[in-house]
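Heads up: the sequence shown is residues -26 to -1, 1 to 674, going by mature numbering (1 follows the signal peptide of the UniProt record, and there is no 0).
Simulated from the structure, these hints should not be mistaken for laboratory data.
Because the structure is a prediction, the values reported are computed rather than measured.
Honestly, I wouldn't trust all of these hints.
Label pairs and their in silico Cβ distance ranges [claimed, not checked]:
#  : residue 1 : residue 2 : range
1  : D42       : S651      : 41 to 49 Å
2  : L343      : E178      : 33 to 41 Å
3  : I326      : V18       : 25 to 33 Å
4  : A596      : P224      : 44 to 52 Å
5  : T189      : I624      : 23 to 31 Å
6  : I624      : V406      : 56 to 64 Å
7  : A40       : D384      : 54 to 62 Å
8  : A341      : V598      : 40 to 48 Å
9  : D384      : E178      : 24 to 32 Å
10 : V18       : Q324      : 28 to 36 Å
11 : L433      : A473      : 14 to 22 Å
12 : V234      : S288      : 21 to 29 Å
13 : L532      : T253      : 41 to 49 Å
Using N, Cα and C, we set each Cβ at its ideal position, and we do this for glycine too.
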Amino acid sequence: MTVYSLRSVLLLSVSALGMLTGPARAEEQAAGQPQAGAIELAPVVVDARQWQEDVQRVPGAVDVLATDSLGNPLSDSLGAIPKVSPNVQIEQSSVQTRVVIRGMTSANTALQDPVGYFVNDVALPHGVSQAPQLFDSTQMTILKGPQGALYGRNTEAGAIKVSTQDPDWTPTASASLATSARDGVDDWAPAVVAAGRLSGAVVEDRLAASLAFRTEQSDGVHHNLFDGASDGGKTDRWTLSTGLALQAGPETDVTLKSVVEQNNNGKQRMRYLTGPYATGRNTTNYNTVSWDDSTSAIQSLKVEHHLDDLTLTSITGWTHYERDFQMDLDGGPLKTLPNLLSHQDDALSQEIRLASPDQDSGLRWLAGLYAYQEWTDLDYQSGTPRVGRTTEIDQSGLAAFGQVEVALTDRWRAGVGSRVEWIRQNGAQTLVSSTGQSAYEQTLEQVTLLPRLTLSYDLQPGTMLYGSYARGYLPGGYNYGMATSASTLTFDPEYSWTAEIGAKGRFAQDRLGASLALFRTVTTDKQILDLVPGGTQTISNAAQAEIYGLEVSADARLSERWTSFATLGLQHGEATSYTTNVSQGGTLVSTDLSGNRLPMSASSTYSLGVRYDEGEGWFGQASVNGSSPYYFDSQNTLKQSAFATVDAEIGHRFDSVELSLWAANLFGENVYSRAVSAPLGIIAEDGAPREIGLRLSATW
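Turn these sequences into a full structure, and let the hints steer you where they fit.
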């Protein structure tokens, strides 16, 4: 197991910092000597701090997936994030979806996630688990570290922002069709993705509208031995995105956006790696029909009013999420009753922000209020004999947040931010089993203060050093799946402090953009899974953890037609204090797991890619994304081996029509999306297979 000491990380950072600032000195010497016909990287503008600015001006780690990437088959899912953001792992399994940033995860299948996910400025209560497919999007922004001082809903490990396209004021249309074949057990399985968009003015200079859709169909690549079925991994998904833009006055803009998605997927995707029922890749042995249906809807009403040098923003959000599934309990041919889940969540939120976003001002500030009400209903049936748990959770929250950034000198800037949040949750559960019925409830209430400090220094225009220190937390919640009493129903919040220093800028006459970040996060009262006598699984606050590391990212404009990118992440995440009960031969044994690696926290990640684009003519790209080994569990018994996946595309652009041939996971690397220990062996879910396809798209 590779362990990076703090000293070695610092030495690496000093070397990297020298590489970043070295070209800056050369550019400073060449100042005043303009280059004719210079080839430069296009500026990347983000609203990571709720105002428009160049990404190089943000005193923190920010990564971006651009608009042209999000519409590509190689980047239309969450799996594209690790290509641009180091120290990130993705779980996209039939059990759950989660993004792990810098080794920070929630308790398995928990309702709340340390990574916030925002669609059109509206927070998704369950995070990425209820996120729709990436399409009709303008940009994805990935922010790392606590962001409570900037956003309505609190985030502990980071935030992911996605915005759908605004309606166009001139008539536009686009359409695309991608057909592909996925490498299955016995043969290649076909898949089809179709998408389209229409937009234009409804009332000239007053009202514009847009309508976009996407549909995806595939039987999947799995083969089930028990009944010979080949649709256990099927995908049947459609997504609808609509928008209205109203110019209500010379200083007032109103935007209404809606994204709705429905999934009807197969849930026969996990297999045994060991034991008497072990099978090969994508080969399952379920004796129970298993399915997973879900619906996600996100509505956003945004009103923006400009008051001289101030901007007043109101965002009203409503989210709806439903999930119903039936899953084989043992993942094999044993005669057991299936697990059943019916889950519904509705949330109404209101955010108001007032900001002075003038980039040329020596004082910039943001102040906001956020309130939400959330209703969650769960009906979970599991086990043989059957045990049923019906849970109702009502949650209310109110927060005030803000930040101030002031220019101390021409080069020094200091920022102070904070968040004060009140949350009240009431959860009631009814437990029904063969021994009888019981009912219990618990109320959780907390007030939390989350300060944030930043300091930055401009080495020269476009090159910055920065530091930040922020507190984060993940609210407490409810153990809806395994509780047996009021004492096992709830768990408390976890808290963390994150320190980060870094450098970022543009070099070599703006042909190279690079960033460096060092970070350290210390978490206390970490939410973990535990066992208590009787075999009950609980979520407790019995661990402490430390994560530190280094991240480097670079984009380069090699020539008029060639660009490249690269990322490198190094990190060490371990449980510094962690004692839990572990089942050994049917007996619970108190075990000290201190020093173990945190789940999903690889020692290193990397990506490297090149792109070629003639404009009208040929274009193409190739990239590799890799990771060192990591564990799926806190006991460090389930391990993913090191991997590297390769993607490639080549195509031709004919005026407004594009035709391309693409391949994802070109060499068929098997990266497990999930692995768990079971009484009969280790169960795992295979990741995305090799996929080769053709894509035709057109714009008008």
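Here's how the hints hold up against the structure:
Distance hint check for D42 and S651: the Cβ-Cβ separation is about 43 Å, which falls inside the suggested range of 41 to 49 Å. Checked against the given bound of 33 to 41 Å, the beta carbons of L343 and E178, roughly 36 Å apart, stay inside it. In this structure, I326 and V18 meet the distance hint of 25 to 33 Å, their C-beta atoms being roughly 28 Å apart. At about 48 Å, the beta-carbon gap between A596 and P224 stays in the expected band of 44 to 52 Å.
In this structure the hint that T189 and I624 lie 23 to 31 Å apart at CB holds, the actual value being about 26 Å. At roughly 58 Å, the beta carbons of I624 and V406 sit within the given window of 56 to 64 Å. In this structure, A40 and D384 break the distance hint of 54 to 62 Å, their C-beta atoms being roughly 32 Å apart. Evaluation of the 40 to 48 Å hint for A341 and V598 yields a pass: the beta carbon distance comes to about 44 Å.
Evaluation of the 24 to 32 Å hint for D384 and E178 yields a failure: the beta carbon distance comes to about 46 Å. Between V18 and Q324 the CB atoms are about 31 Å apart, so this pair conforms to the stated range of 28 to 36 Å. A hinted range of 14 to 22 Å holds for the C-beta pair L433 and A473, which are about 21 Å apart. Taking 21 to 29 Å as the suggested C-beta distance range, the pair V234 and S288 conforms, at roughly 23 Å.
The given range of 41 to 49 Å is respected by L532 and T253, whose C-beta atoms sit roughly 46 Å from each other.
When the structure is compared with the earlier hints, violations turn up for hints 7, 9 and for no others.
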